[in-house]
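Engineer: Since the structure of chain A is provided, determine the placement of chains B and C on it from the hints.
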Amino acid sequence: MMEWIQNHPLALGGLVVWAAGLLWLMPGSHVKVSRPVVPGLILSAVGIVLLCLSVGKPQPEFADEVLFWLFGGGSLICGVLMITSRNPAYGALWFALATLCTCGLFLLRSAPFLAAATVIVYAGAVIVTFLFVIMLAQQSGAVAYDQKSSHSVIAILASFVLLGGIAMAIQSQGEQPEPISADQAPAGNPLSIATAEQPVGQLKGLGKSLFGDYLFAVELAGTLLLIASVGAIAIAPRREQGTL
Amino acid sequence: MAKREKSVMYVEEPEIGFWEATFVPAIVEGLRTTMKHLVSRETVTEQYPEQKPDLPLHYRGVHRLNRDEKDRVKCVACMLCATACPAHCITIEAAPAPKDWPDRDKFPQTFELDELRCIYCGMCEEACPVDAIELTHIYDLTGQTRDELLYTKDKLLNVFDKTRDNPRDPVRTGRGVLGPASEFQALPTLGPATQVATSDRSAKIGTAGVIESGTGNVTDGGARS
Amino acid sequence: MSELLITLLTIGLVVAAIPGVCNYLILLERKMAAWMQDRVGPNRVGPYGLFQPLADGLKLLLKEEVIPKHVDRTLFVLAPMISVFTTILALAVVPFGPVEDAPSWLRFIIAPGIDIGLVFIFAITSLAVYGIILGGWSSNNKYSALGSMRASAQVVSYEIPLGMSVVGIALLSGTLNLENILTQQAQGGILAWNIWVQPLACLLFFTSSLAEANRLPFDLAECEQELVGGWHTEYSALKWALFFLGEYTHVITISFLTSIVFFGGWHFPGIAEPDSAYMFAWLVKLLVLLTKVFICILLIMMLRWTIPRFRFDQLMELAWKVMIPLGLVNVVMVMFVQQFQLSRLWLVAGSVSIFAAWGFLSATAKRAHLSGGKKRPATHTTGHGHGAHAAGHGAGGH
Chain A
408 MMEWIQNHPL
418 ALGGLVVWAA
428 GLLWLMPGSH
438 VKVSRPVVPG
448 LILSAVGIVL
458 LCLSVGKPQP
468 EFADEVLFWL
478 FGGGSLICGV
488 LMITSRNPAY
498 GALWFALATL
508 CTCGLFLLRS
518 APFLAAATVI
528 VYAGAVIVTF
538 LFVIMLAQQS
548 GAVAYDQKSS
558 HSVIAILASF
568 VLLGGIAMAI
578 QSQGEQPEPI
588 SADQAPAGNP
598 LSIATAEQPV
608 GQLKGLGKSL
618 FGDYLFAVEL
628 AGTLLLIASV
638 GAIAIAPRRE
648 QGTL
Chain B
42 MAKREKSVMY
52 VEEPEIGFWE
62 ATFVPAIVEG
72 LRTTMKHLVS
82 RETVTEQYPE
92 QKPDLPLHYR
102 GVHRLNRDEK
112 DRVKCVACML
122 CATACPAHCI
132 TIEAAPAPKD
142 WPDRDKFPQT
152 FELDELRCIY
162 CGMCEEACPV
172 DAIELTHIYD
182 LTGQTRDELL
192 YTKDKLLNVF
202 DKTRDNPRDP
212 VRTGRGVLGP
222 ASEFQALPTL
232 GPATQVATSD
242 RSAKIGTAGV
252 IESGTGNVTD
262 GGARS
Chain C
401 MSELLITLLT
411 IGLVVAAIPG
421 VCNYLILLER
431 KMAAWMQDRV
441 GPNRVGPYGL
451 FQPLADGLKL
461 LLKEEVIPKH
471 VDRTLFVLAP
481 MISVFTTILA
491 LAVVPFGPVE
501 DAPSWLRFII
511 APGIDIGLVF
521 IFAITSLAVY
531 GIILGGWSSN
541 NKYSALGSMR
551 ASAQVVSYEI
561 PLGMSVVGIA
571 LLSGTLNLEN
581 ILTQQAQGGI
591 LAWNIWVQPL
601 ACLLFFTSSL
611 AEANRLPFDL
621 AECEQELVGG
631 WHTEYSALKW
641 ALFFLGEYTH
651 VITISFLTSI
661 VFFGGWHFPG
671 IAEPDSAYMF
681 AWLVKLLVLL
691 TKVFICILLI
701 MMLRWTIPRF
711 RFDQLMELAW
721 KVMIPLGLVN
731 VVMVMFVQQF
741 QLSRLWLVAG
751 SVSIFAAWGF
761 LSATAKRAHL
771 SGGKKRPATH
781 TTGHGHGAHA
791 AGHGAGGH
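Residue numbers (my numbering), protein chains in the order written: chain A, 408 to 651; chain B, 42 to 266; chain C, 401 to 798.
These are computed hints drawn from the structure, not numbers from a lab. Be aware that a few hints might be false.
What the hints assert, rightly or not - Okay, the calculated beta carbon distance ranges per label pair:
hint	chain 1	residue 1	chain 2	residue 2	range
1	C	V722	B	E54	15 to 25 Å
2	C	S771	B	C162	46 to 56 Å
3	A	T536	C	R744	52 to 62 Å
4	C	R744	A	S557	34 to 44 Å
Built from N, CA and C at the ideal position, the CB exists for glycine as well.
Isolated chain A (complex conformation) (with noise of 0.2 Å):
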């Protein structure tokens, strides 16, 4: 990890500009006195724009790479401002906003029906059922206590963290990551199994995939999300006639 730090200082410095850039932009505890937005979009700007130049560069055809800028800097500008919005409306907007940004890099990567399921469980119901539930519970503005962010510092660290984690791993996999379709991917990644009639972005591919080689990790998840709802429904309160 020191070896990585020590390679790339360029990457190391971004990420800290960038966490003290949110940090500054960050809706704090002082609802009354915001500070200028100017200084934090600036520091953001510079240590997103590092970061990138340290971790690689985009496809060299250039519609791919207007895409890649727009729908990357799109989710990473939209996730800033999920995060410091005072509004919680318009924070689930900006998550909305971001998925779909996200879901354009899944096209771009060839991975279509990724980006279909990611838009209808996370933009279309997750983010539905938000706003409903912010809806209901802010009918007259918003309160003190959804302006401000709490405990900003460790979430900061803990998610910086992990991005430069991310990072790292990216980087260890070569310079340039390879496009997923492709078969001649190194071994040892997952999505070697993947053969050139069908890659892994396809529906066939993915299909094979998740209930072929992953069958077991799948009916896991399946399992917990049932126990998950059972437990919601036991949990929910109950009357004598009906729930609710």
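Structural biologist: Here is chains B and C on its own, set in the frame of chain A:
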């Protein structure tokens, strides 16, 4: 309690059978009904501007001031209509009747009726002792300014001239003869129609039953207390 | 002609046709509503009221755009755009004609060969609810908020049976690509139409897509009697019109999907076969498909005046207690048939028997519920029915 129970009818919830539970017969039945109406082309629509509506006889439209058999205005400026009007849309200025009108003391110098304020309740018609004001079947009342719809005596008499021969708007009451009130020789004693407690504000007003808005006891008393 | 030009032409055609078609669908709906209620319908503008849509459009264009002071401006303006954008985007993968026989200058699908066609449509239409939610929330009005909350709960619930209903089709045809689903049905003849093997799925699909589109009898989000106008209470002029453009586009999408997935698309025995080689075969196939779509739209419009609006708890009950279990059982049945290589006739029998079993179960449950009420002593004083009845008689007797 017991009486009320008798007037209540309890309805059994109908048994839900197999077919009802599947919703299918209900939906098919509903679709058949809508289809029947969709296919049959009998309409109940009235094509209004071309086809005039057939209004009921008691329809209350634009007012008119009736004339008597000598073509004089029948109104005797008694103010009963203005008093009865819940919308306060009638303004009458009375004047002593001309010398050659021996059957009455007063006649309306001006008679203004704001058709925009009027709610067409027909209380003026009910109140009129000489059957001078009546509501006609004219329903399509339009105008481009407010003044146009402020009906003066002339306009109201004009409405009478236009509608007197219409079979739907007969001179309904009195047939052109002044009503019974014009034959009174002496006025009955003035007083409230019913017993009014002396603390009631209506008992303190000069004319029983008339509460003038904006002046006198009512608003002042309200403001002081 | 280059691929790019054809694509642009197709996109232009769809985007231009949708508002016009929607306008005339609104006229048709008003006419049908009038006929079903023994009225005449719009008949003043032009012969038989045919220019009414133009007059309506002009009116909506020229009306004052009211943006109330208390709204969240950005989202208030954005919401109708999202509504229209998402619904039109969903049409991108719907083949609106015979794709293989298309003339060289036209393609009957905007984005051909999308592997995940159906999933794409569901993903995009599930985003359409954002228009309603944001419109209702940004209006800062309790009726709008209530309407959009209903919409969000409804769409999230009905997405599940909607997705479940086509899983069976996907298993049977082995693809999610709409063109392939259509071609398989066309090549198999009329008996290969999916409606024969998946009638229950068709019912579920149609019902839950109506709920997704917020059409009657599921238009809880805008129900006028309770919520003034629901989520569009504060909207006026063109922004209001955009919401309804979105809704009608959704209806068109539903009708296309139902015709393509379940009723064989452009295929009709004798008239439009896959090997029809006469001149303008593509035109005939296009007309066959459009006729099917039109019949479907007519059915949707008739249902609007046939079935009264659901109560919200009934709506949720229908989704969670009826349609999701039915969809699940249907998928399991298809899996059985595919796994054990059974004849497809089993699917027909299975669908009918699942439906019948559900009807029997629900009738039994209802009867048990009713008789359960009979047995209960008259303890709940506020309750109506038998308990209160008995108590009332007792009081009257003494």
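Engineer: All hints are to be evaluated individually against the structure, with a verdict given for each.
Structural biologist: Hint check:
1. Roughly 20 Å separates the CB atoms of V722 of chain C and E54 of chain B, a value that falls within the hinted 15 to 25 Å.
2. The hint said 46 to 56 Å for the Cβ distance between S771 of chain C and C162 of chain B, and at roughly 55 Å that hint holds.
3. Evaluation of the 52 to 62 Å hint for T536 of chain A and R744 of chain C yields a failure: the beta carbon distance comes to about 38 Å.
4. For the pair R744 of chain C and S557 of chain A, the beta carbons lie near 59 Å from each other, so the given range of 34 to 44 Å is not met.
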